[in-house]
Amino acid sequence: MAPRVRTEKRSRALIVLALIALGVYALDQISKILVVDLMAEGEVVRVLGEVLQLHFVRNPGAAFSLASGTTWVFSIIAAGVVVFIVWFARRIRSLAWGIVFGLLLGGVLGNLTDRLLREPGFGLGHVVDFLSTPWLLPAIYNVADMSIVSSMVIFMILTIRGIGLDGERVVETPKKQNPTAEEPPLDEPKAEIVP
Numbered sequence: 001m002a003p004r005v006r007t008e009k010r011s012r013a014l015i016v017l018a019l020i021a022l023g024v025y026a027l028d029q030i031s032k033i034l035v036v037d038l039m040a041e042g043e044v045v046r047v048l049g050e051v052l053q054l055h056f057v058r059n060p061g062a063a064f065s066l067a068s069g070t071t072w073v074f075s076i077i078a079a080g081v082v083v084f085i086v087w088f089a090r091r092i093r094s095l096a097w098g099i100v101f102g103l104l105l106g107g108v109l110g111n112l113t114d115r116l117l118r119e120p121g122f123g124l125g126h127v128v129d130f131l132s133t134p135w136l137l138p139a140i141y142n143v144a145d146m147s148i149v150s151s152m153v154i155f156m157i158l159t160i161r162g163i164g165l166d167g168e169r170v171v172e173t174p175k176k177q178n179p180t181a182e183e184p185p186l187d188e189p190k191a192e193i194v195p
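Residue numbers (this note's numbering): 1 to 195.
The set of hints was computed from the structure by calculation and includes no laboratory data. Just so you know, not all the hints are guaranteed correct.
Simulated DEER-style distance windows between Cβ atoms [said to hold, decoys possible]:
1) LEU136 x TRP87: 33 to 39 Å
2) ARG90 x LEU38: 18 to 24 Å
3) GLY121 x VAL45: 47 to 53 Å
4) GLY164 x GLU41: 41 to 47 Å
The model shown is predicted, which means the values in this text are computed figures rather than measured ones. Ideal Cβ placement from N, Cα and C applies to all residues, glycine included.
Whenever a hint applies, use it, and build me the whole structure from the sequences.
What follows is the structure in structure tokens.
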């Protein structure tokens, strides 16, 4: 592939990554600001009965409020993920992978912002969760969480399909385990039997 084409592909992928990350981050933070301003903590608003509810909670831990005493660990891990994505992004030349890393970056930045800036303090902040789908999951989550999960689903699909960071399908040629006597290995010339 020509260097110019690679550069154009990388530029498009980086633009997609940045726009998606920015969009997810903005949607996450705006929705959290509205929830904090308009709802009381613990309040439940049934939007679609048991299908979709708004349930405002502050989550000091990971998913399902696990490890709530180690919020600072999640802050450090999230900061590391952000640094890794920014460093790694220059290798991406596929729009699909740009979407994956854009969703992941936007989601991680959304929850990291909560951990850094919300109470009880810097690096210890509680994440604002407010989306509840009791029929599907017992968890309460937010836009950032949905974005992170979506990125992982797309990541798995691309990986299973063998799509590389350049957007090309990675194809491995099968190698014979035990060549038979009739078929010599490909790198050795065939021997002729002369009567």
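Hint check results:
1. LEU136 x TRP87: 33 to 39 Å: holds, 35 Å
2. ARG90 x LEU38: 18 to 24 Å: At roughly 41 Å between Cβ atoms, LEU38 and ARG90 fall outside 18 to 24 Å, so the hint is violated.
3. GLY121 x VAL45: 47 to 53 Å: With Cβ atoms ~29 Å apart, the hint is violated.
4. GLY164 x GLU41: 41 to 47 Å: holds, 46 Å
Violated hints for the displayed structure, listed by number in ascending order: 2 and 3.
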